[in-house]
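Asker: Note that the protein sequences, when read in sequence, are chains A and B.
The first sequence runs 1 to 329 under full-length UniProt numbering.
The second sequence runs 1 to 329 under full-length UniProt numbering.
No lab work stands behind these hints, which were simulated from the structure alone.
Please note that a few of the clues may not be correct.
Each pair may be met inside one copy or between any two copies, as identical chains are not told apart.
Here are the simulated DMTMM-like cross-link-like pairs (lysine to aspartate or glutamate), alpha carbons at most 20 Å apart as the crow flies [to be verified]:
#, residue 1, residue 2
1, K12, E250
2, K36, D48
3, K304, D17
4, K308, D48
5, K312, E52
6, K275, D118
7, K184, E300
8, K312, E271
9, K12, E305
10, K36, E52
11, K12, E260
12, K318, E59
13, K147, D327
14, K147, E300
15, K184, D157
Remember, it's a predicted structure, so these values are computed and weren't measured experimentally.
2 protein chains.
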Amino acid sequence: MDPNNVSIPPLKDLTIDNITQNVHLINSPCSSPRLKYLLERLVTHLHDYARETRLSTAEWMAAIHFLTATGQISSDVRQEFILLSDILGLSLLVDSIDHPKPASSTEGTVLGPFHTHDAEHVEQGGTVAHDPDGTPLLVTCTVKDTKGHPVDGVSIDVWETDSKGFYDVQYAGRDKPDGRAVLKSDNEGRFWFRGIVPVPYPIPSDGPVGKLLKLLGRHCYRPSHVHFMFGKEGFDPLITALYLRGDPYEASDAVFGVKESLIVELDTVGEKEVKEYGVENGTKWMKYDFVLVSEEETRELRAKEAMKAMEKLGRRMKLVEGLPVPDVD
Amino acid sequence: MDPNNVSIPPLKDLTIDNITQNVHLINSPCSSPRLKYLLERLVTHLHDYARETRLSTAEWMAAIHFLTATGQISSDVRQEFILLSDILGLSLLVDSIDHPKPASSTEGTVLGPFHTHDAEHVEQGGTVAHDPDGTPLLVTCTVKDTKGHPVDGVSIDVWETDSKGFYDVQYAGRDKPDGRAVLKSDNEGRFWFRGIVPVPYPIPSDGPVGKLLKLLGRHCYRPSHVHFMFGKEGFDPLITALYLRGDPYEASDAVFGVKESLIVELDTVGEKEVKEYGVENGTKWMKYDFVLVSEEETRELRAKEAMKAMEKLGRRMKLVEGLPVPDVD
């Protein structure tokens, strides 16, 4: 690049007090208004952070090592940066911002680092978890829209740990998915499957995130839950989970995912279910009626909340593809 | 850990508006006041960032991938997170905060990602860069304290690229260090060596940081410079560099490192230097008088500036080992 064509002001003699403004200036030719805004806010917060903490070179280097280790322990089957985002409450926050829910709909929660894209499709009533040591669980659900109409043909990813609290991907010898499946809702909006009663489990604690939790004096447990992810054109994707009432970690989830509306009491199947679903007498039973929000409803709600937040910031902003950028016209 | 011993308030039903306070609460048992403060500020800025940008799930996932790739491309000889910190202006900022300089001393600048710990010790007048295509350069310097007294026995790391703009560690076949050395100042505070005239060069642009610069419409060049790092007990470590006057990138350094006081005009040796240093007639000549600050002076200046910044924040803080923590007594 010809340096004579670089149309930025001279960057020299940058100090604690003028560096931020100058980084904004050098980033200002960015052609995407959204990326420019994301960087402008990032640099401002990053620099304010260093100024407010008087960050030392040794602490900065410790952070460099921490982030490097977090990237390096990540793999196809482990995502330590998602875990980091989870334990800092960022994942729950981003889900809440991007997927606002009207009062009548099912709340979302954290995706977590264990969703995969290789789960097999199973038919209604299929077996999702094959662990012989797990306590058998019948899960019967419905999916409706906010007007109460059943939604058919929804693709539903479900995933859970085995009876020891480990996801399939946490086993070195994994040759195929287990404890996870993709289902479809039928024309009455129903789906059901056989899983196992979920158990509480520690998030992976042998990496940088585990070390951080220990330094903070925090435990690394998540309460028992089954993950659900719903997708159908015209609807906002719903990432959520169902938690068990009375779990010892119900009110201290390491990743802040529990919501009262997502806690269920397990039932035990009766005669009717034994016949209808072909399960054994005494099988534990999880029931839930999910409510999806249409894309349009979500888009409107998200835009309304975004503009409200921007007004509070006192910035003149507009929405481009639903996301705020400075309104410079 | 027994969940009954977890003395934090119930964490449930966390929302955009209450998640930040609750993450602070769960982190509050942390036994290190400094780490607790670092986390409290980190979580606040991270969450404010998401709220102010209305960060989308897709953008969050792009950031997760970016950070993971940044960790994974890093190795023993490449540090992409330092590079990221450099191009965001954070490295220069942290150096300025942690190593404040009285007016009479030599300014610091970015360490960069290419310092190594395996450079060989060379004697006075030794050859630091062996590239036969480089333009020979004589470098003669002095090291003094802020009172003007020469400082002997200072360990000085110097490093620079070859004539093509690459550091030794950027070559796959590197079997030993080149373009880098460790020297010692003599009892008159002098040190001198043979290097090559530095050239401008692009920072590594084949990784995540290079992609980001491209998206931002920024070039990836650094102006010609030689790195210097000074260490001696009783003195604050000085990380700095000398830049060449008139370099095409003098005022648009990709990592914000240039300071007017660190720009030098190259001279050409005369009869005297040819004899004194045993170099060839016409050799280019770089001269500089470095001034180190004592640890005590630095500690005092850093503390004074930290407390001034804390007052501006309106927080009641105290310094522990020179770094601010909330004053809760």
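Asker: It remains to establish, for every hint, whether it holds in the given structure.
Answerer: Results of checking the hints against the structure:
no. : hint        : result
1   : K12 - E250  : between (54 Å within a copy, 8 Å between copies)
2   : K36 - D48   : both (18 Å within a copy, 17 Å between copies)
3   : K304 - D17  : between (36 Å within a copy, 16 Å between copies)
4   : K308 - D48  : between (24 Å within a copy, 15 Å between copies)
5   : K312 - E52  : between (23 Å within a copy, 10 Å between copies)
6   : K275 - D118 : neither (32 Å within a copy, 74 Å between copies)
7   : K184 - E300 : neither (27 Å within a copy, 67 Å between copies)
8   : K312 - E271 : neither (57 Å within a copy, 70 Å between copies)
9   : K12 - E305  : neither (41 Å within a copy, 22 Å between copies)
10  : K36 - E52   : between (24 Å within a copy, 14 Å between copies)
11  : K12 - E260  : between (54 Å within a copy, 7 Å between copies)
12  : K318 - E59  : between (38 Å within a copy, 18 Å between copies)
13  : K147 - D327 : neither (36 Å within a copy, 54 Å between copies)
14  : K147 - E300 : within (17 Å within a copy, 67 Å between copies)
15  : K184 - D157 : within (9 Å within a copy, 64 Å between copies)
This entry does not satisfy hints 6, 7, 8, 9 and 13, going by the numbered hints stated previously.
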